[in-house]
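Let chain A serve as the given structure and place chain B on it in line with the hints.
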Amino acid sequence: MLAQLRNRLESGSAEEYLSILFEKAERSRLNGFTTLAKESALESAREFDRKPWGGLMAGVPIAIKECISTSGIETNCSSRILQGYVPPFDAHVIERLKAEGAIVMGKTNMDEFAMGSSTETSCFGPTHNPWDLDCVPGGSSGGSAAVVAGGEAPAALGSDTGGSVRCPASFCGIVGLKPTYGLVSRFGLIAYANSLEQIGPLTQSVEDTALLMEIIAGHDWRDSTSAEMDRWSYLADLDKGVSGLKIGIPKEYFGEGVNKDVERAVWEAISTLEGLGASWQEVSLPHTRYALAAYYVIAMSEASSNLARFDGLRYGLRVGEDKDWHTTFSEIRAQGFGPEVKRRILLGTYALSAGYYGRYYLKALKVRTLIKEDFLHAFKDVDIVAGPTMPIPAFRIGERINDPLSLYLADVFTVPINLAGVPAISVPCGFAGRLPIGLQLIGRHFDEATVLRAAHAFETATSFHDARPEVV
Amino acid sequence: METEEVIIGLEIHVQLNRLQSKMFCGCSTAYHDSEPNTHTCPVCLGLPGSLPVLNRKAVEYGIKVGLALNCRIEEETLFYRKNYYYPDLPKGFQISQYDFPLATKGHIMILGDDGLERNIRINRAHMEEDPGRLVHAGTIDKAKYTMVDYNRCGMPLLEVVTEPDLHSPKEARAFLDKLKSILEYLEVFDGSLEGSMRVDANISLRGGDRTEVKNISGFKGVEKALSYEITRQRNIRRRNMTVVQETRHFDEIRNITVSIRSKVGAHDYRYFPECDLAPIRIAAWVPAIKDALPELPDAKRERFVRQYLMKDDHAKSLTSDIKVANFYEAVAACAEPRLAAVWIADVLKGELNYRNLGIDAFKVDDMAQIINLLSSAAITEDGAVEIIRAILDKKGGSPQEIVKARGLGRAEEDVVQKAVLEAVAENASAVADYRAGSERALNFIVGAVMKKTRGKADPGEVHRLVKAEVERI
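Chains as they are written, first to last, in the numbering used here: chain A, 1 to 472; chain B, 473 to 945.
Note that these hints are calculated values from the structure, not bench results.
Label pairs and their computed distance ranges (CB to CB):
| no. | chain 1 | residue 1 | chain 2 | residue 2 | range |
| --- | --- | --- | --- | --- | --- |
| 1 | A | 239 | B | 529 | 40 to 50 Å |
| 2 | A | 83 | B | 733 | 31 to 41 Å |
| 3 | A | 133 | B | 733 | 47 to 57 Å |
| 4 | A | 261 | B | 733 | 56 to 66 Å |
| 5 | B | 498 | A | 46 | 34 to 44 Å |
| 6 | B | 687 | A | 358 | 28 to 38 Å |
| 7 | B | 730 | A | 327 | 18 to 28 Å |
| 8 | B | 730 | A | 358 | 34 to 44 Å |
Since this is a predicted model, take the numbers as computed values, not measurements. We put the beta carbon where it would ideally sit given N, CA and C, even for glycine.
Okay, chain B solo, but in the shape it has when bound:
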């Protein structure tokens, strides 16, 4: 079967949820654990006579993201009304942007399926307010009525729109991971909150019409929805039918997409300027925001390689999450940096993932101690892994205490030497095999030494000592 090129473009709705207050009113953004409809006021409920007042900090955050996505920032930006009816939209329109959005024409780098770094172009990034949320008692099909929670209404959103530069679900995922990483570096976004990033995906096979899958939450959801859509469109093509341009919904439970409206019923949003908000000249804001931009993932990755002499793979792994990067640098400040890079990237991250924990589950001090114990050869690598696991499973105190309690300290040199002498004496046949030319026979003796030292000796060192002893006698 021929495989046509897949073309994917994404629209990502990012809640700027590190802001204190909503987009156009003073309501708190920290609604996630609150009772429904308790984070509302006349403005975000759209009561008659209420007027929006722009949260300038939100625009500042938007510019920050625009700059980090290498976008051009408009000199003057303005808001539009996007008109449509829906119960979660209390004004009957959403304040959004249309012409002159905050940021246009950017790009970010991702690792493509071909293993090469590639630029994905950003069409635009614009600001808008989040609508409320519909809540159903039970499932949508069975609920007798729908409830509306307006707590989310008016949350500041940034919509990032890519060009159709992505070619697989995996690349889409890579893009989203990168975007999330940048947003967290900028401290404008907390991805751990429910619904903080929602994705609409446009997808087509080369030469065919595209479908839009709306409102997918979760990166895994995006991958699954796209994979399903590709299969569906390929099958349509194989049956010599044509894909209909339409909007589809991703059903997370059944892992399929279903049609919600065809192009015929497409909305005319009747965009027109929101006269209750004056256009804002933002050109003058840009230099200061630019100066204050933090080091971003790609730059940090390069610096880590340069400054700490680590492998690029490790640098990439350590910089994708700002918290991990900060953790690493704190450890590297008081322990051997290259060793720390290996241990955090290859071991600690794996152990954390396995337990579904974040980097904040581990203390910088503990990690630094472990690296120092390793680099002074006070513990073995196996011992280090055991300490990490013990800390994560909350079975012990500090690394030093765990070493003491579990006897993980590396065996003293004379103890090792004694074990070597004993093992060589006890395994005459292995010694004979070695002399007959079998290198592997030595490993048997090394194993015996390790057993005697209960694994606390360094295997490499033991191997050297055994070889020396066998050749001496």
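Chain A with its partners taken away, still in its complex shape:
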């Protein structure tokens, strides 16, 4: 669809298309965008219309999550503490997108510093689910998912630390991929938990995700965890089907705590894949039940350190009169961070403290290794692993925000993937009432091609992704 849009824009008007999107976004009740880069985007569009340039995304607008640095456009992680911060450089993915002709149309809402799975912890207020405005869009990349599902942007980038791309993709009925750790450069991504997170696309089709991966994947020397690999064409293999593909169904991903509609939709999806020539077998990921605890210990520990730089001294929020540095830092951080961010900084600081480090952080690292081994073991027998992305469909805004533990529990099937570093995609596979359900397909390290191929085969055989919410 991005490819078709690109062709249409080449002969048509990028400015006109972009203006329609901006109008829609300005009228929107989703609260998906935090900043619309109207001036710079329209200027680029006019330039493109005068003299079209080439590239995989030539003239195509894209929405970017608030935590991905965009030169000249405010990047604030939906946090008060970073309000007014305009990065002097582009993230690697933004450079790549621009090099392929894309136009950055604006920044999208997120849970503050990506800490959440509902986009309710944003300092800009919650984003609404386009399928039901009373429901959350998922998170933390809820803004990106909502604007794509709501037709306000043709595609978006999000980031996924423990499910932050896949969860909102699932809740909003679109496609979202978390790439293998190391495949996409994190240069310019404002860190929440740096050993876990990757930037990933949120799109209306698997093909669009493959196209964006073609652009953003690849080595970048500025990120030392970026893998040095040959460039891969994700589009070339997309149509090869699933005949002979072996799918693993982890028994731990079904049963207690999983919504019946979700379970039914996912099993139907597996049957669909079987009908297309794939086979399935049960596999076991026995350490799944320790994943949430390990994930939150690691993520919060890293966050407590990653967020230490926000002291207001060089950029971002400044409050009242300056006092001695200690008091000033404290006041700025007290006013700049929201309650969920404070909670995670405190818990992470605690977990790393002398005397607790071994009991929490080191133990979590050991669990992480076991979870990774679970996947490596499963992938000896199967090519991909399939299950629900989220155990539940989107919940109502405000329903869980005061019960952090129940919010954390919703990440049960997404966090093991980040701990293991493997790639996973969420594709629409049905509805619970009005609300979309996502199928999660998990692949071997750096085997995005197989994940995308299976997702594309499923998408081609079904019509869930064609459904559009009726929102204004």
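Relative to the frame of chain A, chain B by itself:
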């Protein structure tokens, strides 16, 4: 008063300032003469979304130092985050090392207070990034605000930690001199730059708690801070009180140490691995670095004694500074080596120190000429000293020109002979005294000859000639 044994351990922060770029970014390390905050980029300013990229050359330099300090080099090394808040630390953590530091368990030799060479054990050497620098308008007490200069931020540092093997401020100084000498031999460090070596000293009296004096700059500062601390701790003991374990600051102006925080407020740095940098397997780097290690001070000193047949004292003096050693060898290549050793170690170094100059203030050619003039007996020792001084004070050109201009050439033999004959004839009473058995009477005649030759004759030679003449007549 009983004097309890003093126990000192040092932590030395060495800037690897011969590197071109900082530890984790491409910013230049040559910030010393620059405007504040002009040697910065998103990485060393810790801007959101920036990531560190390891300067592999810095690790190479670190391994070099580790090997020179006789350390064991880890097969794989990794970086940790040391978490604390301070305005000069833009990320809120410092990238440092913790478990698996670059180098462990080494030792270097120093001359102890007892006059014997002794091994001082090195606990570890690890790498880290330098923080920025706080600048106060005027003094800390009076400044209304503090400014931060991030130019230094991200400078590659090597922290060398000794075991508590030092027993006096003087030994601490000897250790630092030796360390500096080795670092300069390795060409990883320029000690002339401000803040290039900063020392934390742990000090206690046997049986007592230790205090840590932080961030002392300058070797003289270390000696003074330690001396003050020893006196302070002894006085506490004499009053039957106990030394509190705490961190202290050395006030360079008042020459005292002051408490900055007690153990109760000790930092928990919450070290944990820096996941933005992968562990680096360095085992494979070591052989090549080892092969390329230069000759180090101790080895050079031994070779100088062996090869140039000089005294060990001279060899030590000539090898403590690599520049002096190189200067000496260049001179020795074209002048008599033993004479050169004496003159450079005993005379030239003294004249340079007196003027606060380095060896580069003197040309190898000039020194070689002076040694050659001396060894061909064309000038006297006094003349040689005068030439050296004239060159250093920029009062003359080459040694030859100075000899000519000042008439420092040694007197011709017949001139000396003539002066001897005259002096003996003119001092009959001295001759009589000599014959009466007073050896010293000869010196009077020698003095007269020297006066006649305006000091250009060789005193020893004159003495021989005078004696011969007196005994002949």
